[in-house]
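Chains as they are written, first to last, in my numbering: chain A, 1 to 261; chain B, 1 to 322; chain C, 1 to 261.
None of these hints come from the bench; they were simulated from the model.
Certain hints may be false.
To be verified - The list that follows gives simulated cross-link-like pairs (lysine-lysine, PhoX-like), each with its CA atoms no further than 25 Å apart:
| id | chain 1 | residue 1 | chain 2 | residue 2 |
| --- | --- | --- | --- | --- |
| 1 | A | K2 | B | K124 |
| 2 | B | K141 | A | K21 |
| 3 | B | K124 | B | K141 |
| 4 | A | K21 | B | K124 |
What the hints assert, rightly or not - Under 10 Å between C-beta atoms, here's a sample of chain C residues computed to sit facing chain A:
| id | residue |
| --- | --- |
| 5 | S30 |
| 6 | P35 |
| 7 | I45 |
| 8 | V180 |
| 9 | D222 |
| 10 | L244 |
| 11 | R246 |
Positions of the beta carbon are idealized from the N, C-alpha and C atoms, including for glycine.
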Amino acid sequence: MKDRVAALLHQQAVCYRLQLKVLSTSAFEGFLAVLFPLMFATAALLVYRIDGDPESMQYAGLGAAIMGMWTCQGVVASSLLSRERWAGTLELLVAAPTSLTRILVPMTMAMSTIGLYSVVATIAWERWVFDIRLEIDNWFLFVVSVLMAAVTLATVGFFLSVTAIRYRTSWALGAALEYPGWLLCGFVIPVSLLPDWVQPLSWAIPTTWAMDAIRASANGGSPWADLAVCAATGAVYAVAAAYLGRRLVDSARRHATLALT
Amino acid sequence: MSAVEALDLGRTFRTQSGLLRRSRERVEAVRGVSFTIEPGELYGLLGPNGAGKTTTIKMLITLLLPSSGSARVLGHDVVDDVREVRRRIGYVFGGDRGLYERLSALDNLRYFSELYGVPPREQKARIGSLLELVGLTGREKERVEGYSRGMRQRLHIARGLLHDPDVLFLDEPSIGIDPVGARELRATIGSLRDQGKTVLLTTHYMFEADELCDRIAVIRAGEIVAEGTPSQLKERVGDGRVVEIETYGVPPGTVDTLGALPGVRSVAVEERGQQQVLIVSVEADAEVTQAVLGRLGDVRVGRVAAREPTLEDAYVALVTGS
Amino acid sequence: MTSLRIFFIGGLMSYRAMFGWLSPWILIPSLVVSPICQILLFAYIGRSAGVRDDEFYVIGNALNYAAIPCLFAMASTIEGERQGRTLGIVLTTPARRLPLFLGRALPVIANGWGVAMVGVLAGVALLDVEIPSGAWPALVFVVVVTSASCTGLGLAMGAVVLRVREGATFGNVIFCVLLVFSGVNVAREDLPGWMASVGAWLPLTHGIEAARLLADGSNLADVTGLVAREVGVGGLYTVLGLLLLRYFEAESRRTASLERV
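For reference, chain A alone in the conformation it holds in the complex:
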């Protein structure tokens, strides 16, 4: 039993390391995944700057730091399997005896790593360009909340990426979700400002709760309730993805879409 756990961890670690290597050496997936949200964050902060209210600068600054994680998970993750398909490796992944879940999890974790890098880069950028020093009351809780955001975003990314097994064009879906995510998760716009009918959509995304938790840790409040809901919603995506993944692979085998470009 111990051997099997050790082998599993080894597999996850090696696959994670190598997928991270593939991502970080790509201009489009590495560099741009960090730059694009950074520029949008800059544009948002330029607007808030006109108002000049330090509290809203803090608000926007904190959210802007996390925005990049959504890009990495939404856009890049959903095109993950499409890229495998174009490279001709999707078939090999499916034909391997390891379950698809064990193959996809380290991939999305690698993506989350890029996302975390984006957080650090954005905070540094904000300090340098806008002179925003983020006031964090409880650094430990802050880091825990950011990690929770990364993990739950990985489950969302995992969910989005399995659709690509069956549908060749689902990478476009992920790309199309980038902006809606920025709108809905409360990064630079308070959820309460959105129309009432839209707000349940925000609550269905674990990142919204993670963002609330992050703000709570920064302001000295308690993030635990938000973290609990975040974890629960994230788990729903993970379970849905695992289930859907298996069904979609079978469907792909039936309809022969694994090799098609």
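Since chain A is already given, all that's left is putting chains B and C on it; use the hints.
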């Protein structure tokens, strides 16, 4: 227990074309293919492009669900016992794709060894010996994006062997490879069989099938039209001769008129640069040269030669349906 | 008359080829949903920060997103010429050069215009935007001019991409630069001095300003200065692009630099 058993395998594809006026067609890529491969055999699936070779292989390696029929690999059903099948087989295909371009060969092999469940302790040794087997030692740290087609192909084979599978499926492995590289590849494939592995090889190069395979199945338009050892297949045209006539411009209809001559089994035309070479397959004792030349009339004729039939002639006869 | 044929027919042919691989599932999210989302994003940021009104952000972002087809479609067209080995022909065919290239550009300009107009109309429908009916003809005209000038930038970018290769990354970076520097979400007087100066040399900047003035009730005569400047900037990039193409093509005849895939 046989290594691979295909029973009446069939696969139909539904294709859609056009955006506004969607026309749906059903294409029967594979219809009722049956064969058995014994352990340790190097079995060839030989056929022209589009005959259904790749589709057949993909059904056997569990990437495609058969529309009809069944198959077993090492006793496990390819539809129900998917994981058991995948553990014991290796899949190698020709072409440029199928590798992580930005990773080195070593990293690619490390990645796939994890996926194939190679125990961590054995990985280093296994990867090392496989790199040596395929002749890539010393270049394993380079990124795959800089590899030539031949090197990629060899890396593919190394990848397919990582978990020491009992059955190896090779789909057109020498496609697009230069003659020297292809020869080395064939030597490697031959040595696999010598190690006791069962190999299913698809190819459209008949000399490759002739050289390597213990038995060959000739597949055409989704059906197997002949099966046997290379010598058995040659025997089908063996007790005859082949007359090759170089011509410069053969008028249409010639093939039919010549084919109607007594003693002639089949006629094929091969373009060789400026010439069109008539390849006339004749019965053993038939003397048809004069009759053929007579029928050709005013057509300018070059060399005329008679030779023994080869596997290629048998193959051409089988796949052109004459 | 022949020049006119080359202008229209030649342009349409190469444009269609590019879209051969795009299905409606990709086109519609990219060019309709995404700009609307970007408009909503910044309109709400504006509301949250209490800066300007919805109309300001609708016009800015609608025109910003028009850059996407202008940049990418133009770069694709040029790449298509390179792949078809017709680049040399296109550049050296005597006397037909200009209508030929302009013909390639026309569908692109139309595409950009379409995306911008859809954005504006959506903004009017979904947000608090009121544009006087008399302003529309002038607005439509200004959007055409802006789209044309952006296509000029697309030409220059397309030329660079021929040699630099990472087209998708480059295009996105330019899009981000336009977002931040062209006054898309921040009026020129509110931008830091150096940013406004950079913006003056980019397409979109003057067009956006003119469009905003028109939507606020000015008439065409008032904005001719801005329109002229927009045309000038666009012309500048067009000339630059053609020169670069000439240079790269000549270089390629010596070193086969354009033959690499």
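Right, here's what the structure says about each hint:
Restraint check for K2 of chain A and K124 of chain B: the C-alpha separation of about 21 Å stays at or below 25 Å, so the hint holds. For a cut-off of 25 Å, the pair hint linking K141 of chain B to K21 of chain A stands: about 14 Å separates their Cα positions. With a CA separation close to 14 Å, the supplied pair K124 of chain B and K141 of chain B stays within the 25 Å bound. The suggested pairing of K21 of chain A with K124 of chain B holds, with an alpha-carbon distance near 20 Å, which does not exceed 25 Å.
Evaluation of the S30 of chain C hint against chain A yields a held restraint, the C-beta minimum of about 7 Å falling below 10 Å. Look at P35 of chain C: its Cβ gets to within about 9 Å of chain A, closer than 10 Å, so that hint holds up. Contact between I45 of chain C and chain A, as hinted, is supported at the beta carbon level, the nearest pair being about 5 Å apart and thus within 10 Å. A distance limit of 10 Å between C-beta atoms decides the matter here; for V180 of chain C the minimum to chain A is near 6 Å, and the interface restraint holds.
For the restraint placing D222 of chain C at the interface with chain A, the shortest Cβ-Cβ distance is roughly 25 Å, beyond the 10 Å limit, so the hint is violated. For the restraint placing L244 of chain C at the interface with chain A, the shortest Cβ-Cβ distance is roughly 21 Å, beyond the 10 Å limit, so the hint is violated. Interface restraint check for R246 of chain C: the shortest CB-CB distance to chain A comes to about 27 Å, outside 10 Å, so the restraint is violated.
The structure fails hints 9, 10, 11 (numbered hints given earlier, in ascending order).
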